[in-house]
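Each chain is listed here by its residues.
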Amino acid sequence: MAAIAAVFYREGKIRSTNLTFIFWDLFYPLCYMLVFGVGINSALGSPMQSAGVDYNAFFLAGVLGMASFGIASNTAWSFFLDRDNGIFYEMLTYPLSRGEYLLGKVMFNVLIGVFQAGITVTLGRLLLGIRVRWDLLPLLFAGVVVGTAGWFFFYAIFALRTRRNDVFNSVTSIFYFVFLFASSMFYPLAPLPLWFRKVAIFNPITWEIDWLRFTSIGLGNARLVGIEGVAFLLFTLASFAFAVRALQQQE
Amino acid sequence: MLSPALEVENLVKVYHARGREPVRAVDGMSFRVAQGIIFGLLGPNGAGKSTMLRMLTTLSRPTGGAARLLGFDVVKKPLEVRRRIATVLQETAIELFLNVRDNLLTFARFHGIDRDPALRRAGEVMERFHLSAYADGKVQDLSGGFRRRVQVAKTFMVDTPILFLDEFSTGMDPLLKREIMGHLRDEARKSRTIVLTTQILSEAEELCDDILIMNKGKQVAHGDLNALKLLSQGVYEVAMTFDHLPEQIDAELARLSPLRTHVDQNTIEVAFKVEEGRIMEIVTELARNRRVLRVEVNGASLEDVFVELTQGR
Chain A
6 MAAIAAVFYR EGKIRSTNLT FIFWDLFYPL CYMLVFGVGI NSALGSPMQS
56 AGVDYNAFFL AGVLGMASFG IASNTAWSFF LDRDNGIFYE MLTYPLSRGE
106 YLLGKVMFNV LIGVFQAGIT VTLGRLLLGI RVRWDLLPLL FAGVVVGTAG
156 WFFFYAIFAL RTRRNDVFNS VTSIFYFVFL FASSMFYPLA PLPLWFRKVA
206 IFNPITWEID WLRFTSIGLG NARLVGIEGV AFLLFTLASF AFAVRALQQQ
256 E
Chain U
225 MLSPALEVEN LVKVYHARGR EPVRAVDGMS FRVAQGIIFG LLGPNGAGKS
275 TMLRMLTTLS RPTGGAARLL GFDVVKKPLE VRRRIATVLQ ETAIELFLNV
325 RDNLLTFARF HGIDRDPALR RAGEVMERFH LSAYADGKVQ DLSGGFRRRV
375 QVAKTFMVDT PILFLDEFST GMDPLLKREI MGHLRDEARK SRTIVLTTQI
425 LSEAEELCDD ILIMNKGKQV AHGDLNALKL LSQGVYEVAM TFDHLPEQID
475 AELARLSPLR THVDQNTIEV AFKVEEGRIM EIVTELARNR RVLRVEVNGA
525 SLEDVFVELT QGR
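The listed protein sequences derive, respectively, from chains A and U.
Residue numbering for the first sequence follows this note's numbering, beginning at 6 and increasing consecutively.
Residue numbering for the second sequence follows this note's numbering, beginning at 225 and increasing consecutively.
Excised from the complex, chain U in its bound form:
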């Protein structure tokens, strides 16, 4: 059996600021990540995801506990860890004054790749990320979305066994995002471990083999998508489109105590936690004496699980 890509044991990070109470950004987290999977670290803003990533990538020193990447301790063997990772941080990190090709080549150079193979690889990566037309343009002249694209493309210049992506899709158009998600899946198939954080839950739902949800520095759930959905058993999402939005719909919905409600023009999207038999009664009630153009009832989504586990905690 392969050793885990990542082992985290009781990891703690406390930030001390003058004149303020210490903040426990990560508070005793423990988990393992198998090799060759896509691991998603989810949580609301301020949950501690980026702090966790910063510790795992040796940027930030843990206050307590231990973390090992492929057996190397992030505190005791930081250089060994850095040799095995490529990182996309939350902030756009780019050499603004260099062109796209030189951004890729410089990154490859840091990872010890010689000029000729790096040049060949840069050509392939630019092709893959639709950057060839911009190869000689300075990055400072590119839009934010393109800069992010270059940043993610850099990590495909190397074959480090672990790839960290903090909110990688920020500013990307949906088509490119979809393509990159495909590339990430390919990388995982090649036994590369991918650790990502995201706020876009559909992205995690689609990509991740293993998901950890954290809130206020603590782990609230961990497992694959199906295991997490079990935590939200009895949650149903109802989408209904009317010919025109009923006047009293807000009050009617409020009476049914939904988990969340979203109204957009003539469509309502509501999540309920009820027994299976009750859901059809609710739909019938809402449709009574109204012209309904579309009805859709689904089981819990990752978003439902996420909301249930993190809201109000």
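Just chain A, with the same shape it has in the complex:
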């Protein structure tokens, strides 16, 4: 635990040197919802026929999922920064296991994700009148924790195997496009073409967002969401195992 706490402390120290980062991390999803969400909500009218709720409420889970995806990719990108500073390899000689290193690295960002979700949900209720399922809030936070960690481990596999950050940037751009748009993040899947739904249903971000949507506004089928939650957990564990392996192969 002490080793994980040390990595957590280090991440926190670095992040706190620039408060702009923290501010943006905390308020970015809210800003997204207030601009993009409100714009679409007005254009579509309320409530959306295919979802039965207005777009602001529908998009709340989408924006939380997008934020966890963004935090994860930025955290994974920091491996390149650490490599440039030389500290990456030195840290691998510190008294901690590769798994502890990854867990410590993600924990600070998971904490930011949870704060971010709390702020977004609360202000979503106050500013946009979204009916939040407060009773399910712990499960929402659990979704944010596992979601951020899962995507970080997934991205870490590529960040650790790729030596060039421009290549990694291209990979993340492709991932952003494929994962975010072929999912239930921005729109309900029901009215979409069959091939699209088939792709989306195998997309881990759909599993995460369906969980977040159910635990934030109660929309969705509880049984299906439970299965998706388990699937995402397995995705997270598998990604963690592969990321640890990728880290062990760093020389």
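What the hints contain is simulated information worked out from the structure, not anything from laboratory work.
Errors might be hidden in some of the hints.
[Stated by the list, open to error] If you only want the chain U side, here are some residues facing chain A, beta carbon under 8 Å, derived: (1) 278; (2) 281; (3) 282; (4) 283; (5) 284; (6) 316; (7) 317; (8) 320; (9) 322; (10) 326; (11) 333; (12) 334; (13) 336.
Glycine residues also receive a C-beta, built at the ideal position from the N, C-alpha and C atoms.
Following the hints, complete the assembly by docking chain U onto the known chain A.
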């Protein structure tokens, strides 16, 4: 008798790159390092020194053989090894966005030192390394030499029994380097084992109790300074300063088949491998009909040994 700090047995590291022949960066090295000494790993560029250090510090997995630090195998017990080492890698490794003090505190935290003792120690270390005036300045604003200084200072925040230093003095000014060499000697006196690589042979000559010279992944010599110098018996260094550099000196020197020659303004520095009696004849020959301001004749230096053992092999 104390168990060795380091035991290396037939250690091999082979790098495979797509479309290229495998490279044997370390090729069957075996040696032992006693506790509480300064051990120097020397070799020309590409000799495999850094690869060796990377394996000993658990950064790189050996392809074959075994290495143990204080009895712990680097492959089977990497965490136990990491608990006992502090490392300065060849590359500058620094938290650029943190200030000097936080760099030291963060490092201490990784080694399980609590905040208060770490703060006290950071104060002492910054004092020792003349960093107190920069304590609150971000490292990204410091010069390369200062960054290296912070990097070395970090290893003095902990009391790990083994300290690895890969080219520690790169970018340091001579005064500070001298001071740090003094600190390293103090650490060795406190039974800390120091393993260092360097290209600066005078540094190794001055610091190291035990020296291993490697080339192309293999060990070419191992022993203390005196033992190594014996390998270069008959090597003499001659330094002569003239009132002005003789015109034909290059041709004259070439005829004498020196091991190496260096000419700087009016001074020549030449190394010869000859019998003892012959060296004075050479000096007399070079001085004939010339005004010589200074003559110095010395036995083999570590550099001579190094050149003889690694050149052309």
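The hints, checked one at a time:
Hint status for residue 278 of chain U: holds, given a least beta-carbon distance of 7 Å to chain A, under 8 Å. Given the 8 Å rule on beta carbons, the hint for residue 281 of chain U holds: about 5 Å separates it from the nearest Cβ of chain A. Residue-level restraint check for residue 282 of chain U holds (minimum Cβ-Cβ distance to chain A is 6 Å; threshold 8 Å). Because the smallest distance between the Cβ of residue 283 of chain U and any Cβ of chain A comes to about 6 Å, under 8 Å, the interface hint for this residue holds.
Interface restraint check for residue 284 of chain U: the shortest CB-CB distance to chain A comes to about 4 Å, inside 8 Å, so the restraint holds. Taking 8 Å as the C-beta contact cut-off toward chain A, the hint placing residue 316 of chain U at the interface holds, the least distance being around 5 Å. Look at residue 317 of chain U: its Cβ gets to within about 4 Å of chain A, closer than 8 Å, so that hint holds up. Restraint check, residue 320 of chain U versus chain A: the minimum CB separation of about 5 Å is within 8 Å; hint holds.
About 6 Å separates the beta-carbon of residue 322 of chain U from the nearest beta-carbon of chain A, less than 8 Å, and the hint is met. The beta carbon of residue 326 of chain U is positioned within 8 Å of a beta carbon in chain A (closest approach about 6 Å), and the interface hint is therefore held. The closest approach between the C-beta of residue 333 of chain U and any C-beta of chain A is roughly 5 Å, which is under the 8 Å cut-off, so the hint is satisfied. Taking 8 Å as the C-beta cut-off, the interface hint given for residue 334 of chain U holds, the closest approach to chain A being about 4 Å.
The beta carbon of residue 336 of chain U comes within 6 Å of a beta carbon in chain A, closer than 8 Å, and the hint placing it at the interface holds.
In this structure, every one of the numbered hints holds.
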